[in-house]
Amino acid sequence: MDGRPRDNLKVSIPTDWVNLMVAVEKKDGSLRICIDPVDLNKSIRRPFYPIPSLEDVSSKLYGVKYLSKLDARSGYWSLVLDDESADLTTFNTIFGRYLLKRMPFGIISAQDEFQRRMEEALEGLDGFAVIIDDLLVFS
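Per the numbering used here, the sequence shown starts with residue 6, numbered consecutively.
Derived by calculation from the structure, the hints in this document are not laboratory data. Treat the numbers as computed from the prediction; the structure is a model and nothing was measured. Among these hints, one or two may not hold up.
Below, a list of computed lysine to aspartate or glutamate pairs in the EDC-like style, where the Cα atoms sit at most 16 Å apart [stated by the list, open to error]:
#  : residue 1 : residue 2
1  : K15       : D92
2  : K106      : D92
3  : K65       : D131
4  : K15       : E89
5  : K15       : D87
6  : K47       : D21
7  : K74       : D138
8  : K70       : D131
9  : K65       : E124
10 : K65       : E128
11 : K106      : D88
Using the sequences provided together with the hints, build the complete structure.
Following this line, the structure appears as structure tokens:
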């Protein structure tokens, strides 16, 4: 479990929910540890939060002279989970059970929640658009 942010990982207490762990190779050759929350996702009532379409965003870009795209790298990790939600992220490893204290990739509501919080943080500011885990800055 080396390489994981220590402030995001916690040894789990007994729980009814245990997810599978999946290791995925990143472009740089390092491993990304993911959970596979198939059963958990079936039980989550996904909130509806509209993700802007390409047309929505491109209409904001008319006449723009400068455009930058920022990747919110590991952006979901910025979303802290409450204790009850964190318990549901418990996963099994050969080293024992762990849970995540921040939103992992793969939870069905993660994209909606991240989009909502990013848009709330940028509310009232011009020259920004949030698309999934990217931030467009333009003028």
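### Proposed proximity, D92 with K15 (alpha carbon, max 16 Å)
At roughly 10 Å apart (the allowed maximum being 16 Å), D92 and K15 satisfy the hint.
### Query
Holds or violated: are the alpha carbons of K47 and D21 at most 16 Å from each other?
At roughly 15 Å apart (the allowed maximum being 16 Å), D21 and K47 satisfy the hint.
### Query
CA of K74 to CA of D138, is that 16 Å or under?
holds, 10 Å
### Query
Given the hinted pair K15 and D87, is their alpha-carbon gap at most 16 Å?
OK: K15 and D87 at ~13 Å, within 16 Å.
#### Entry: Restraint status (C-alpha distance of K65 to D131 at most 16 Å)
The hint holds at about 10 Å.
### Query
Is K70 close enough to D131, meaning Cα to Cα at most 16 Å?
holds, 14 Å
### Query
Is K106 within 16 Å of D88, Cα to Cα?
holds, 8 Å
### Query
Holds or violated: K15 with E89, Cα cutoff 16 Å?
holds, 13 Å
### Task
Sort out whether E128 lies within 16 Å of K65, counting only the CA atoms.
holds, 15 Å
### Message
Would the hint linking K106 and D92 be met if the CA-CA limit is 16 Å?
### Response
The given pair, whose Cα atoms are some 8 Å apart, holds under the 16 Å limit.
### Task
Verify the proposed pairing of K65 with E124, using a straight-line Cα cut of 16 Å.
holds, 15 Å
Checked against the numbered hints above, the structure violates none of them.
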